[in-house]
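Colleague: Sequence:
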Amino acid sequence: MFYHFIRAVARFIVWVINGHLHVNHKNRIPEGNYILAAPHRTWWEPILFALAASPAEFMFMAKIELFKFPPLRFILKHAHAFAVDRQNPGPSAIKTPIKGLKEKNYSLIIFPSGTRHSSELKGGTIAIAKLSGKPIVPVVYQGPLTFTGVLKRQPLEICFGDPIQIDRKIKLTHENEKILDNQLQTAWEKLDYEQNPAFHYQPK
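Per numbering that gives the first Met the number 0, the sequence shown runs over residues 0 to 203.
If you are wondering where the hints come from, they were derived from the structure by calculation, not from laboratory data. In this text, a Cβ means the ideal position worked out from N, Cα and C, and glycines have one as well. Where hints are given, some of them may not hold.
SDA-like, lysine to any residue: derived pairs with alpha carbons at most 25 Å apart [what the hints assert, rightly or not]:
no. : residue 1 : residue 2
1   : K25       : P88
2   : K129      : D84
3   : K94       : E176
4   : K67       : I93
5   : K170      : P88
6   : K170      : L75
7   : K168      : I46
8   : K168      : K67
9   : K101      : L75
10  : K94       : K170
Cβ-Cβ distance ranges computed for the label pairs, FRET-style [unchecked claim]:
no. : residue 1 : residue 2 : range
11  : D161      : S53       : 30 to 38 Å
12  : F146      : R167      : 38 to 46 Å
13  : T172      : I16       : 41 to 49 Å
14  : P69       : Y200      : 32 to 40 Å
15  : L171      : N195      : 31 to 39 Å
16  : E174      : I16       : 41 to 49 Å
17  : V15       : F68       : 19 to 27 Å
18  : V22       : E188      : 33 to 41 Å
19  : P202      : S53       : 26 to 34 Å
20  : N104      : Y200      : 29 to 37 Å
21  : F146      : D166      : 34 to 42 Å
22  : N175      : N26       : 27 to 35 Å
23  : Q164      : E188      : 13 to 21 Å
Let the hints inform the model, and build the full structure from the sequences given.
Modeller: Here's what the structure looks like:
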């Protein structure tokens with residue numbers, strides 16, 4: 000119930016401060032729950048992705064430092080966020096989202112690179128997809144990279160790609176992970192070009 004309340008509040012805030020959230024190719028999202036995987040470009044992307052893919056109910060990773068402030072910890076926990084220590088992730092970084100995908104029927108928002116300042120993909124996304132049996136849906140955000148741009152009501156574009164199903168029999172070797180990582184990177188590049196051929200992401 001709290002999740003739906005927070006989502007409604009977030010939708011209203013985005014509409015008030017920007018009013019130009021455009022969702023493209025939502026019909027590509029499969030039935031059931033899934034893993035929404037994106038290149039990390041802004042801190043507000045998880046909010047926009049959750050709004051764009053509504054009515055799916057999402058869980059997402061958040062750095063453990065955010066849970067130290069009690070009011071924020073309350074909001075994050077009730078919005079299905081779970082803490083991850085980036086320096087020492089531990090097995091819960093894989094087990095928690097798998098449990099949510101398999102037992103609670105949540106979908107998952109994940110940024111395989113981990114941070115906005117890295118393009119190197121970590122192996123967690125592929126492992127979660129394999130062990131949960133859920134498809135990966137590539138998604139990209141194009142729009143302002145500073146909050147000032149959001150306030151200036153520059154368009155916010157969300158574009159969904161075709162789902163990628165990971166064979167549950169595949170072995171998670173370094174070579175296979177690299178192949179799957181390349182598949183995801185290619186899907187993002189295709190979406191960026193499809194949405195705007197002139198788009199080029201430049202980290203702020």
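Colleague: Now tell me, hint by hint, if it's right for this structure.
Modeller: Verification of the supplied hints:
1. K25 x P88: Since the Cα atoms of K25 and P88 sit roughly 32 Å apart, the hinted pair is violated (cutoff 25 Å).
2. K129 x D84: 22 Å, holds
3. K94 x E176: 19 Å, holds
4. K67 x I93: Roughly 22 Å between the alpha carbons, so the hint for K67 and I93 holds.
5. K170 x P88: 22 Å, holds
6. K170 x L75: 34 Å, violated
7. K168 x I46: Given pair K168, I46 is violated - Cα atoms ~33 Å apart, limit 25 Å.
8. K168 x K67: 40 Å, violated
9. K101 x L75: 21 Å, holds
10. K94 x K170: 18 Å, holds
11. D161 x S53: 30 to 38 Å: 20 Å, violated
12. F146 x R167: 38 to 46 Å: 41 Å, holds
13. T172 x I16: 41 to 49 Å: 46 Å, holds
14. P69 x Y200: 32 to 40 Å: Once the Cβ atoms are compared, 35 Å apart, the range 32 to 40 Å for Y200 and P69 holds.
15. L171 x N195: 31 to 39 Å: Since L171 and N195 have Cβ atoms about 34 Å apart, the given range 31 to 39 Å holds.
16. E174 x I16: 41 to 49 Å: For E174 and I16 the Cβ distance comes to about 46 Å; the hint holds.
17. V15 x F68: 19 to 27 Å: Cβ of V15 to Cβ of F68: about 25 Å, so the range 19 to 27 Å holds.
18. V22 x E188: 33 to 41 Å: Violated, since V22 and E188 (Cβ atoms, about 20 Å apart) do not stay within the stated range.
19. P202 x S53: 26 to 34 Å: For S53 against P202, whose Cβ atoms are near 28 Å apart, the range 26 to 34 Å holds.
20. N104 x Y200: 29 to 37 Å: Once the Cβ atoms are compared, 33 Å apart, the range 29 to 37 Å for Y200 and N104 holds.
21. F146 x D166: 34 to 42 Å: Holds, at about 41 Å.
22. N175 x N26: 27 to 35 Å: For N26 against N175, whose Cβ atoms are near 30 Å apart, the range 27 to 35 Å holds.
23. Q164 x E188: 13 to 21 Å: 20 Å, holds
Hint compliance for this structure: hints 1, 6, 7, 8, 11 and 18 are broken, all remaining hints hold.
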